[in-house]
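All chains should be modelled from the sequences, with the hints used to inform the complete structure.
As they're listed, the protein sequences go chains A and B.
Per the numbering used here, numbering of the first sequence is gapless, rising by one per residue and ending at 386.
Per the numbering used here, numbering of the second sequence is gapless, rising by one per residue and ending at 293.
Derived by calculation from the structure, the hints in this document are not laboratory data.
Keep in mind that a hint or two might mislead.
[Unchecked claim] Pairs of lysine to any residue, SDA-like flavour, derived with a Cα cap of 25 Å: (1) LYS120(A) / GLY243(B); (2) LYS380(A) / ASP277(B); (3) LYS254(A) / THR259(B); (4) LYS56(A) / LYS94(A).
[To be verified] Stretch-level coverage of chain A by chain B, calculated; a stretch enters the list once three of its residues show a Cβ under 8 Å from a Cβ in chain B: (5) 221 to 232; (6) 344 to 354.
Cβ atoms here follow ideal geometry from the backbone N, Cα and C, with glycine treated the same way.
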Amino acid sequence: MNIHEYQAKELFRKYGVPVPRGGVAFSPEEARKTAEELGTLPVVVKAQIHAGGRGKGGGVKVAKTLDEAKELAGKILGMTLVTHQTGPDGKLVKKVLVEEGLDIRKELYFSIIPDRASAKIILMASVAGGMDIEEVAHKTPEKIIKVSVDPLLGIQAAHCRQVAYRLGLPDEAAKAAAKMVAALYKLFVEYDCSQVEINPLVLTGTNQVLALDAKINFDDNALYRHKDVPAYRDLDEEDPLEVEASKHNLNYIKMDGNVGNMVNGAGLAMATMDIIKRAGAEPANFLDVGGGANAEMVENGFRIILSDKNVKGILINIFGGILRCDVLASGVVEAAKKVGLNVPVVVRMEGTNVDEGRRILAESGLNLTAAKDLADAAAKVAGIVK
Amino acid sequence: MSIFVNKNTRVLVQGITGKEGQFHTRQCVAYGTNVVAGVTPGKGGQKMDEVPVFNTVFEAVRDTGANCAMIFVPPAFAADAILESVDAGVEVAVAITEGIPVLDMMRVKNYLARAKTRLIGPNCPGIITPGECKVGIMPGVIHKPGGPIGVVSRSGTLTYEVVHQLTRKGIGQTTCIGIGGDPVNGTNFIDCLAAFNADPETRGIVMVGEIGGSAEEDACAYIKANVKKPVVGFIAGVTAPPGRRMGHAGAIISGGSGTAAAKTAAMRAAGVAVCEDLGMFGELCVETFKAVI
Numbered sequence: 001m002n003i004h005e006y007q008a009k010e011l012f013r014k015y016g017v018p019v020p021r022g023g024v025a026f027s028p029e030e031a032r033k034t035a036e037e038l039g040t041l042p043v044v045v046k047a048q049i050h051a052g053g054r055g056k057g058g059g060v061k062v063a064k065t066l067d068e069a070k071e072l073a074g075k076i077l078g079m080t081l082v083t084h085q086t087g088p089d090g091k092l093v094k095k096v097l098v099e100e101g102l103d104i105r106k107e108l109y110f111s112i113i114p115d116r117a118s119a120k121i122i123l124m125a126s127v128a129g130g131m132d133i134e135e136v137a138h139k140t141p142e143k144i145i146k147v148s149v150d151p152l153l154g155i156q157a158a159h160c161r162q163v164a165y166r167l168g169l170p171d172e173a174a175k176a177a178a179k180m181v182a183a184l185y186k187l188f189v190e191y192d193c194s195q196v197e198i199n200p201l202v203l204t205g206t207n208q209v210l211a212l213d214a215k216i217n218f219d220d221n222a223l224y225r226h227k228d229v230p231a232y233r234d235l236d237e238e239d240p241l242e243v244e245a246s247k248h249n250l251n252y253i254k255m256d257g258n259v260g261n262m263v264n265g266a267g268l269a270m271a272t273m274d275i276i277k278r279a280g281a282e283p284a285n286f287l288d289v290g291g292g293a294n295a296e297m298v299e300n301g302f303r304i305i306l307s308d309k310n311v312k313g314i315l316i317n318i319f320g321g322i323l324r325c326d327v328l329a330s331g332v333v334e335a336a337k338k339v340g341l342n343v344p345v346v347v348r349m350e351g352t353n354v355d356e357g358r359r360i361l362a363e364s365g366l367n368l369t370a371a372k373d374l375a376d377a378a379a380k381v382a383g384i385v386k
Numbered sequence: 001m002s003i004f005v006n007k008n009t010r011v012l013v014q015g016i017t018g019k020e021g022q023f024h025t026r027q028c029v030a031y032g033t034n035v036v037a038g039v040t041p042g043k044g045g046q047k048m049d050e051v052p053v054f055n056t057v058f059e060a061v062r063d064t065g066a067n068c069a070m071i072f073v074p075p076a077f078a079a080d081a082i083l084e085s086v087d088a089g090v091e092v093a094v095a096i097t098e099g100i101p102v103l104d105m106m107r108v109k110n111y112l113a114r115a116k117t118r119l120i121g122p123n124c125p126g127i128i129t130p131g132e133c134k135v136g137i138m139p140g141v142i143h144k145p146g147g148p149i150g151v152v153s154r155s156g157t158l159t160y161e162v163v164h165q166l167t168r169k170g171i172g173q174t175t176c177i178g179i180g181g182d183p184v185n186g187t188n189f190i191d192c193l194a195a196f197n198a199d200p201e202t203r204g205i206v207m208v209g210e211i212g213g214s215a216e217e218d219a220c221a222y223i224k225a226n227v228k229k230p231v232v233g234f235i236a237g238v239t240a241p242p243g244r245r246m247g248h249a250g251a252i253i254s255g256g257s258g259t260a261a262a263k264t265a266a267m268r269a270a271g272v273a274v275c276e277d278l279g280m281f282g283e284l285c286v287e288t289f290k291a292v293i
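Put into structure tokens, the structure is as follows:
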């Protein structure tokens, strides 16, 4: 789960990580008021959306007067911000963060991420801040500092010093940075983060170290033990169909194509999307109905696929393992009767209780094309959307 | 032969009295798996069908000689359950549970480095040596005993798909392993490839990967250096958009890495026969394995 910069900075403050003073605003008037309360100029007005590259997209501006802060906030609020991370449609800006301007001497980078292969927690830092870190790592790997922490042992003072001193900070600032690293690690672990990133981390003219930006992602699997985190969720940042699907515990991701598909299991669902593409069509979605799916979940999945108006046909691909084919078949029949099938459907089922499943479908009187295997299913789907 | 589990494997089931645990224990018993014990804290002394239930894994191992654990414990308690079976000294722990927090698994994995237990999963279908022992939730009937092909995969139902196609072509399997779709897992591709490579009855290998991470690339480097047996590979997620988690917690393209294109390229460079059309997977296997089947 992603949160906004201003929310991440709230958590940073809670852990004693220095951030610029500022506040969130939902209107130009509010932005002016926030700037006035800061009592300092210039101020920075920053669009709050769940995507990086906001500055390049025109979503971050410096205001030298209070009236300018109001004016810039007016321009940014309501704009559709397109960055390299938003996709071509961009994202509508509904709130801005108004912060004190700082005298920036150096822009650095710091992040904490889990390393999958080694199962260690990685502290990553660089003197090349404010840039795309993937690019820095690719072009100038010597500028990347990596310190590996054993999650059983936890962070040690030496880990923090490694990061702080290798960033080449002056002594006083290095001490502050080391403290900051320890605090961020604590936050990372206590909140089950999947990423904490500060880009840029800045050194000011007075040798202060602050998080100018803040990004936090949480591990969705661990949300159950963080009751305060779901309050940070911003549904405006998510696709409405995906939000609806998540209410029914369905794994749905909207895509741009016209062949809807419903599959049990994530790997097979991805492979099914690939098959649709290979057959010369484009998948309209990813939908994993999961192993423990019941008739009601299948019905909800059906409803979500059908509410995407681009969908011209549907491929149902179920390999019954935990999920029984007869349960699936009943779900399809129930759903089709309730929502009214208006597109052709190809059904490919295999596995547990497959004969019973096929019988239920055949006797339903619905417009369903049975496929005998995957190759057959792909060919039939291609035929539908031609 | 086979790898990791066989007809002598003695299975205990953690979470045996839950709905999933009961259902799949019965499926495993019906397949012929030697299920010797169940563990549900507070239900020690009861029986699930004919299987004695214990309060702790320690007691189950002590009293029944169980050497393999199948874990159906809910995500919030699953790491604890894995560690319990590790401390009880089981040789193989198979964690079916999906949704374990990543940090829990990172701690477990670092703990495992000092233990003798092999963890398979989590978030996996389990492991089966066809005709001998099924420790997991896969439909047993789709498998064909006797080898000579070993199967290793990050997925569940996608594994069933490829196994089913192998069986329909008359190609049997030595052992099929789902290593799980989570970013941090126990047994990885290389562990399985090394074991298959060393198993004389396994004469060819099927490897099924997906987007996210670099486990497939690492495995391909291993194949190139060590594996002389023919390998057929498949990668799911060619059409997956970057930055989105595709169902599995580990299936995400981030910062341009973990793409299907990079993984299939690594496979080709390692001499793996890459399947591009899943519908024709069986045909490709017949062709690639013709010298060994």
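Original post:
Going back to the hint list, which numbers does this structure go against?
Top reply: As far as the earlier hints go, not one is violated by this structure.
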